[in-house]
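Peer 1: Residue numbers (the working numbering): 1 to 247.
Treat the hints with caution; some may be incorrect.
Stated by the list, open to error - Heads up, simulated SDA-like pairs for lysine to any residue below, C-alpha to C-alpha not over 20 Å straight-line:
{"#": "1", "residue 1": "K188", "residue 2": "G14"}
{"#": "2", "residue 1": "K188", "residue 2": "F11"}
{"#": "3", "residue 1": "K162", "residue 2": "F94"}
{"#": "4", "residue 1": "K161", "residue 2": "D219"}
{"#": "5", "residue 1": "K161", "residue 2": "P209"}
{"#": "6", "residue 1": "K161", "residue 2": "F106"}
Don't read these hints as lab results, they were simulated from the structure.
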Amino acid sequence: MIVLRFLRTIFGWGWIMTDTMVSALIIGIHGEGEASERVLRGWARRFLLVAGARVVVQRDAELDPDRSYVFVSNHTSNLDVPAIVSVVDHPLRFIAKQELARIPIFGWAARRMGHVFIDRKDRGGATRAIRGRMERGLRGASLFFFAEGTRAVRDELLPFKKGAAVAALEMGLDCVPIGVAGARAVLKPKGFSLFQPGRIAVVFGAPLPTATHALDRRDWLVAAQRDAVQVALEEARALLTARSLAG
Numbered sequence: 001m002i003v004l005r006f007l008r009t010i011f012g013w014g015w016i017m018t019d020t021m022v023s024a025l026i027i028g029i030h031g032e033g034e035a036s037e038r039v040l041r042g043w044a045r046r047f048l049l050v051a052g053a054r055v056v057v058q059r060d061a062e063l064d065p066d067r068s069y070v071f072v073s074n075h076t077s078n079l080d081v082p083a084i085v086s087v088v089d090h091p092l093r094f095i096a097k098q099e100l101a102r103i104p105i106f107g108w109a110a111r112r113m114g115h116v117f118i119d120r121k122d123r124g125g126a127t128r129a130i131r132g133r134m135e136r137g138l139r140g141a142s143l144f145f146f147a148e149g150t151r152a153v154r155d156e157l158l159p160f161k162k163g164a165a166v167a168a169l170e171m172g173l174d175c176v177p178i179g180v181a182g183a184r185a186v187l188k189p190k191g192f193s194l195f196q197p198g199r200i201a202v203v204f205g206a207p208l209p210t211a212t213h214a215l216d217r218r219d220w221l222v223a224a225q226r227d228a229v230q231v232a233l234e235e236a237r238a239l240l241t242a243r244s245l246a247g
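Sequences and hints are given; from them, build the entire structure.
Peer 2: What follows is the structure, given as structure tokens:
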């Protein structure tokens with residue numbers, strides 16, 4: 001069994017990296033638009049297939065397809081992104097760490113699609129980059145933040161950064177909490193690990209309204225986002241348990 005998992009992982013990563021570069025090249029050529037959205041969703045689903053991950057999803061509220069939101073999620077594994085992208089109903093623009101922008105082709109393609117890279121050590125620069133994206137307009141897309149700022153190696157949520165709250169308040173966008181469970185079991189958050197096929201649960205919580213709040217309420221919203229993600233995460237864990245018992 002361990003030999004098969006090893007071979008699956010080695011050959012799987014070779015396929016994933018090749019597919020990522022090809023998909024990135026196509027996205028870079030098309031730029032921001034529906035064609036790139038289709039390519040991104042296809043890439044996410046192939047990534048999950050190779051890793052042996054099956055996604056189950058729960059939506060606690062119906063979202064307006066014509067509105068933009070700020071999506072906020074916990075972060076436990078490199079599989080979180082493909083798991084979310086494979087089932088989300090809104091086009092997302094990720095706020096990602098600057099290091100990813102240095103990956104050849106990938107960084108260029110991500111910028112062409114409208115994603116934003118920030119230096120987590122430069123708070124002022126990060127704020128300017130996010131505001132620059134907001135000033136250009138979202139054109140029907142939504143912003144996405146891993147509010148913890150890094151992948152968590154334990155079950156507890158890390159402290160949330162303020163970027164998602166500030167963006168939501170400045171743009172008057174409601175926040176949608178996301179809880180992801182099971183991804184860490186399929187692919188560990190740090191270092192090299194073998195794929196362990198299994199289920200990943202993604203729960204989209206009810207939106208947190210921001211229209212009546214000013215920017216000075218950002219600390220309150222950060223806490224509210226974290227609480228809502230915690231609830232969604234617990235629902236995701238319960239969903240995994242229920243599916244496991246059902247066989």
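Peer 1: Now look at each hint and say whether the structure bears it out.
Peer 2: Hints, one by one, checked against the model:
1. Only pairs whose Cα atoms come within 20 Å are accepted, and K188 paired with G14 is accepted, the gap being roughly 18 Å.
2. A hinted pair counts as satisfied when its Cα atoms are at most 20 Å apart, and K188 with F11 qualifies at roughly 18 Å.
3. The hinted pair formed by K162 and F94 meets the criterion: a straight-line CA distance of about 15 Å does not exceed 20 Å.
4. Proposed proximity of K161 and D219 is supported: the alpha carbons are some 10 Å apart, at most 20 Å.
5. For the hint linking K161 to P209, the alpha-carbon distance of about 19 Å falls within 20 Å, and the restraint holds.
6. Distance check on the hinted pair: K161 and F106 sit about 25 Å apart at the alpha-carbon level, beyond 20 Å; violated.
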